[in-house]
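K.L.:
As they're listed, the protein sequences go chains A and B. Numbered per this note's numbering, the first sequence spans residues 1 to 712. Numbered per this note's numbering, the second sequence spans residues 1 to 402.
Just so you know, the hints here were simulated from the structure itself, not pulled from any lab data. Even glycine gets a Cβ: it sits at the ideal position worked out from N, Cα and C. Treat each hint with caution, since some may be false.
Stated by the list, open to error - Every beta carbon over 12 Å from chain B, so not counted as near; a handful from chain A, in silico:
(1) Ser177
(2) Ala227
(3) Ser369
(4) Ala386
(5) Ser439
(6) Arg494
(7) Arg638
As the list claims (entries may be wrong) - Stretch by stretch, here's where chain B covers chain A in the computed footprint (C-beta under 8 Å, at least three residues):
(8) 239–249
(9) 252–258
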Amino acid sequence: MSAFIYDKDADGILTITMDMPNRSANIINDEFGEAFAECLERLQSDESWTGAIITSAKKTFMAGADIDMLFDERDAKVLFEKTEQMKAGFRALETMGKPIVAAINGACLGGGFELALACHHRIAINHRGTKIGLPEVMIGAIPGGGGITKVVRLIGLEAAAPILTQGKQLSPDKALSTGLIHAVVDNKDDMLRKAKAWILANPSVSQPWDQKGYRIPGGTPKSPKLAMRLPAMPAMTTSKTYNNYPAVDAIIASAVEGASVDFDTAMRIESRYFAQVVTGQVSKNMMSALWYQRNHVLKGGSRPKDVPPTTTTKVGVIGAGLMGHGIAYVTAKAGMEVVMKDINQESAEKGKAAIAKIMDKAVGRGRMSAAKRDEILDRIHATGSASDFEGCDLIVEAVFENKNLKATVTHEAEAHIADSAVFGSNTSTLPISELAKASKRPKQFIGIHFFSPVHKMELVEIIVGKDTSSETLAKAFDYVIAIKKIPIVVNDSRGFYTSRCFSTYTSEGLTLLLEGQHPRSLEVAGKRAGMPMGPLEVLDSVGLKTALSIAEETRRDFAAQGKPMEETAVEKVLSEVVRINGREGKAHGAGFYNYGKDGRKTELWDQTFGLFPTAEQKLDLQTMIDRLMFIQAIESVRCMEEGVIESVADTNIGSIFGWGFAPFQGGTLQFINAYGIKAFVDRAMELSVKFGERFEPPKLLFDMLQEGKQFK
Amino acid sequence: MQEAYIFDAVRTPRGKGKKSGSLHEVKPVDLLKTVLVALKERNDLDTSQIDDCLIGCLSPIGEQGGDIARTAVIYAGYDVDVPGAQVNRFCSSGLETINLAAAKVRSGWEDLIVAGGVESMSRVPMGSDGGAMAMDPVVSRKMGFVPQGISADLIASLEGFSRKDVDSVGVISQERATHAREQGYFSKSLIPVRDMNGLTILDYDEFIRPGTTLDSLANLNPSFAMMGSFGFNDVALQKYHEVEKINHVHHAGNSSGIVDGASVTLIGSKEKGTAMGLKPRARIVSAALVGQDPTVMLTGPGPATLRALKRAGMNVNDIDLFEVNEAFAAVVLRFMKDVGIDNFDKINVNGGSIAMGHPIGATGSMLLGTCLDELERRDLNTGLVTLCIGGGMGIATIIERV
Numbered sequence: 001m002s003a004f005i006y007d008k009d010a011d012g013i014l015t016i017t018m019d020m021p022n023r024s025a026n027i028i029n030d031e032f033g034e035a036f037a038e039c040l041e042r043l044q045s046d047e048s049w050t051g052a053i054i055t056s057a058k059k060t061f062m063a064g065a066d067i068d069m070l071f072d073e074r075d076a077k078v079l080f081e082k083t084e085q086m087k088a089g090f091r092a093l094e095t096m097g098k099p100i101v102a103a104i105n106g107a108c109l110g111g112g113f114e115l116a117l118a119c120h121h122r123i124a125i126n127h128r129g130t131k132i133g134l135p136e137v138m139i140g141a142i143p144g145g146g147g148i149t150k151v152v153r154l155i156g157l158e159a160a161a162p163i164l165t166q167g168k169q170l171s172p173d174k175a176l177s178t179g180l181i182h183a184v185v186d187n188k189d190d191m192l193r194k195a196k197a198w199i200l201a202n203p204s205v206s207q208p209w210d211q212k213g214y215r216i217p218g219g220t221p222k223s224p225k226l227a228m229r230l231p232a233m234p235a236m237t238t239s240k241t242y243n244n245y246p247a248v249d250a251i252i253a254s255a256v257e258g259a260s261v262d263f264d265t266a267m268r269i270e271s272r273y274f275a276q277v278v279t280g281q282v283s284k285n286m287m288s289a290l291w292y293q294r295n296h297v298l299k300g301g302s303r304p305k306d307v308p309p310t311t312t313t314k315v316g317v318i319g320a321g322l323m324g325h326g327i328a329y330v331t332a333k334a335g336m337e338v339v340m341k342d343i344n345q346e347s348a349e350k351g352k353a354a355i356a357k358i359m360d361k362a363v364g365r366g367r368m369s370a371a372k373r374d375e376i377l378d379r380i381h382a383t384g385s386a387s388d389f390e391g392c393d394l395i396v397e398a399v400f401e402n403k404n405l406k407a408t409v410t411h412e413a414e415a416h417i418a419d420s421a422v423f424g425s426n427t428s429t430l431p432i433s434e435l436a437k438a439s440k441r442p443k444q445f446i447g448i449h450f451f452s453p454v455h456k457m458e459l460v461e462i463i464v465g466k467d468t469s470s471e472t473l474a475k476a477f478d479y480v481i482a483i484k485k486i487p488i489v490v491n492d493s494r495g496f497y498t499s500r501c502f503s504t505y506t507s508e509g510l511t512l513l514l515e516g517q518h519p520r521s522l523e524v525a526g527k528r529a530g531m532p533m534g535p536l537e538v539l540d541s542v543g544l545k546t547a548l549s550i551a552e553e554t555r556r557d558f559a560a561q562g563k564p565m566e567e568t569a570v571e572k573v574l575s576e577v578v579r580i581n582g583r584e585g586k587a588h589g590a591g592f593y594n595y596g597k598d599g600r601k602t603e604l605w606d607q608t609f610g611l612f613p614t615a616e617q618k619l620d621l622q623t624m625i626d627r628l629m630f631i632q633a634i635e636s637v638r639c640m641e642e643g644v645i646e647s648v649a650d651t652n653i654g655s656i657f658g659w660g661f662a663p664f665q666g667g668t669l670q671f672i673n674a675y676g677i678k679a680f681v682d683r684a685m686e687l688s689v690k691f692g693e694r695f696e697p698p699k700l701l702f703d704m705l706q707e708g709k710q711f712k
Numbered sequence: 001m002q003e004a005y006i007f008d009a010v011r012t013p014r015g016k017g018k019k020s021g022s023l024h025e026v027k028p029v030d031l032l033k034t035v036l037v038a039l040k041e042r043n044d045l046d047t048s049q050i051d052d053c054l055i056g057c058l059s060p061i062g063e064q065g066g067d068i069a070r071t072a073v074i075y076a077g078y079d080v081d082v083p084g085a086q087v088n089r090f091c092s093s094g095l096e097t098i099n100l101a102a103a104k105v106r107s108g109w110e111d112l113i114v115a116g117g118v119e120s121m122s123r124v125p126m127g128s129d130g131g132a133m134a135m136d137p138v139v140s141r142k143m144g145f146v147p148q149g150i151s152a153d154l155i156a157s158l159e160g161f162s163r164k165d166v167d168s169v170g171v172i173s174q175e176r177a178t179h180a181r182e183q184g185y186f187s188k189s190l191i192p193v194r195d196m197n198g199l200t201i202l203d204y205d206e207f208i209r210p211g212t213t214l215d216s217l218a219n220l221n222p223s224f225a226m227m228g229s230f231g232f233n234d235v236a237l238q239k240y241h242e243v244e245k246i247n248h249v250h251h252a253g254n255s256s257g258i259v260d261g262a263s264v265t266l267i268g269s270k271e272k273g274t275a276m277g278l279k280p281r282a283r284i285v286s287a288a289l290v291g292q293d294p295t296v297m298l299t300g301p302g303p304a305t306l307r308a309l310k311r312a313g314m315n316v317n318d319i320d321l322f323e324v325n326e327a328f329a330a331v332v333l334r335f336m337k338d339v340g341i342d343n344f345d346k347i348n349v350n351g352g353s354i355a356m357g358h359p360i361g362a363t364g365s366m367l368l369g370t371c372l373d374e375l376e377r378r379d380l381n382t383g384l385v386t387l388c389i390g391g392g393m394g395i396a397t398i399i400e401r402v
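The following block holds chain A by itself, in its conformation from the complex:
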């Protein structure tokens, strides 16, 4: 079966429908390459056609290139030549002299959009799923099939830069107003009719950049006006990326350098950057985590295989506070019925009003219809009474982190729910097996740890208790998938996986502060390392009092087990800041930073500099970066070693989506792979000699080194 279907009408217009066999979507790979080459040959040898329409038989037009093909390629020469070959094909198509129309019936992304850019006219159907753009940068790659060169030549360097560097996916209307496509239609018939009409009206065409007198809109780098603003272009990206994302840099470089030369040279420059970036380590890291491992997780990598799929229809949420109403919102949004209970009707209604507020914002921005908002609100029943939980097949409690309170609400809910229902606890720290003791049915008790703000954070950490059954795990897993979040599965232990590893980042930050390193330097080190916030800023947003009480509770628990602890850096620093100076964090308007009335940080609190004596020996930034990164990676390895987490994919994905671990490193374990296990162990030993045994490499790493293994 051929991948392309040809159909010629009475006017001589060829409709070429891409329908790659045994695939749900068309994709650029070797098979496509063959079909496309055959197509070109056909078009070149057949004189009888007058124009052509390229469209797809799938739901999407084309979603992009085969990532397998890119991920496995480490040879820049091979990739460069392959890319040039594909581009030569695209070039042949657009220089045939006869009109070619891309009839974009659905998502048209990456290589798919580059195919459309090799057509003279682009018409898209206006429905919700249709996204148009070049999102390669999201997985650390860049457009290499003419995308950069052509978008720059269609809309100009300055307009192209944000679209390309942010990997924006545009709706058909937005793509039209931006100048990336030519027409938007309502349905397929309209699309084909318009395509044919355009062909008949334009029997002989060429691309804008091939026309005489063509100039790049907005000018080239040599135009004085653009030249004045050009130097800011890399600075503006550096300001966000800390130069950690080679793809962003390469897009800017390819766009600017390409705009200085003729079209064909620009295309070749683009191929060279493409080959460099795609064979580079960062793109491998990002593809590995954000594509392969993310898909693996979402497809049930850690879900018990032998349990049939489950559906959840009615969810009871206990607590209508920040976490509770967030959970209720995402659950109702996914189409489930929700009963949201708080201590009384009034508190529950308050939570519902907060949900309405979140959606009002989305409605105001045109991201949600008012009808959709009302429909979602209608699915949420706010109540003060536990008896309303009747009929719920899943309960998620989100009350304060207090063992006794959690036990009480467990009893209350269990009195009203079916024996088969599952009880989930949204706790970030309390051991699940301990909480399960309050349950009549510990097998159906599980941890479902959400992150704040619930409607924005994609990760959910599922915690399996000592007695939790695999059916219960499957149910929780399927629920998390149903609410369109990413479930990772961990075993019960203090801080589980995410809180435990994340806390090493902040505590290392406070250790640096206590050592007398400049607070501003360690914040920059955190961000240069690729973390979304510096250790002090992120602690401020968690809440300093919260962080301190977690630290103190840990000490009490250890003491109860007969294991006394030395006072930690966290306790030393936070008791100084919180207890003595009364600064509790961002929510209170004062922490390590000062905050303005709008809640935004203004500057470091001046005494952050003075609380601890400045170190005589200032560490260089790279050493601070290493300490902040290694400590998280080492803790992740310990979690694996202890069986707290079992899947490499879950570990990496949990680190990126849970606490924002540098995405360009591909997660905590991929960071070690990329660093090289041997080099990592050596550096960790150096750090442990200089800064303490917390950096001692875990045995697992030595074993892996011996066996020549990587985290896979």
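We have chain A; now place chain B onto it with these hints.
P.N.:
For chain B alone, kept in the frame of chain A given last:
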């Protein structure tokens, strides 16, 4: 080894570097011709004896392109045997040519050289020639490129120079330049620019603003705050990680002015001078260049000065007068800190580029001439000229009267 001596130095006045500036109507090659002709006439030069003419220029493009040095010597009526080279070391180009000339003389290969510079900033604006440093994203990222104003504000932020600190430098510069102009301290070497009819176009430094005070400067808005917000502040702060934010203190009143002008200096060996009846006025004692981090960019004068002093076996106290180019006020303050000088007694005694402007390619040669004139007027011995340079460099030259 033969020593290098300065026989003479002349300059045009500095005209405001905009359309309404007096020298805007004058082509750069005519600015240069003006000083070349004056140098020849004042010294009754047999130009066939000149071995080379080196002309500094920041933007050697358009009217200033195509080797303006060779163009100008022929245009000015010099002997056909005078070659010429245009030299670009950014802001220091006009001093670089003098150091090169001195080095050539000291090598013994050449004996008499005209060195100097030209810049018509009103006709060929800064940045006209592009350059990979700012315009090539790959290169600029590697260098941590930021515009000079951001670097100047970064220095102020690093050192804690307040708005008042930097404004004071501006006020002093204006007061001193005003006084020097009134007293005619510049007239010895200042060559009026005239038209083809001999009518005077400009015969004084027109950029000076007499009566400038701290109060009048206090009203000026910072010039580089908006530019900084386009990502450049972050580029600087990611590198200078102990600085929390850039304090934007520089503005038109404490930064060097954009002006037009040209200057040349005659340099040669004692023997050549004697043979031609030229009187050596000063010896070029030593010269030095340094490279610094390109992001902070403008910290070169201190280290360059120390290197030049070391090369000469001298120390800071041996220098009677300093000309520190006032690219930005913070550059001068940082220089003082770096070399350990705590007052302005010996520094820029007749004002500087804040008051009079900084015709980039010509400034180095102008400062050298100004320094020498003032040493003679005060009957002092040694002078040091230093400039900060784009891309993170610094230059210094020490002279000694003979």
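K.L.:
Checking a non-interface call: every C-beta of chain B should be farther than 12 Å from the C-beta of Arg638/A. Is that right?
P.N.:
Arg638/A clear of chain B: closest Cβ-Cβ about 30 Å, beyond 12 Å.
K.L.:
Beyond 12 Å on every Cβ pair: is that true for Ala386/A relative to chain B?
P.N.:
Label holds. Min Cβ-Cβ 51 Å, cutoff 12 Å.
K.L.:
Should the label of Ser177/A as a non-interface residue stand, given a Cβ cut-off of 12 Å to chain B?
P.N.:
Since the minimum Cβ distance to chain B is about 25 Å, Ser177/A lies beyond 12 Å and the statement holds.
K.L.:
Can you tell me if the region 252–258 of chain A counts as covered by chain B, using C-beta to C-beta distances under 8 Å and a minimum of three residues?
P.N.:
Coverage by chain B holds here, the residue count being 4 at a Cβ distance below 8 Å.
K.L.:
Could you check that no beta carbon of chain B comes within 12 Å of the beta carbon of Ala227/A?
P.N.:
violated (7 Å)
K.L.:
Going by Cβ atoms, does Ser369/A stay more than 12 Å from chain B at every point?
P.N.:
holds (36 Å)
K.L.:
Taking the minimum C-beta separation from Arg494/A to chain B, is that value above 12 Å?
P.N.:
holds (34 Å)
K.L.:
Regarding the assertion that Ser439/A does not contact chain B, is the least Cβ-Cβ distance greater than 12 Å?
P.N.:
Ser439/A is indeed farther than 12 Å from all Cβ atoms of chain B, at 50 Å.
K.L.:
Counting residues of the region 239–249 of chain A whose CB is closer than 8 Å to a CB in chain B, do you get three or more?
P.N.:
Check passed, 4 qualifying residues.
Violated hint for the displayed structure: number 2, the only one.
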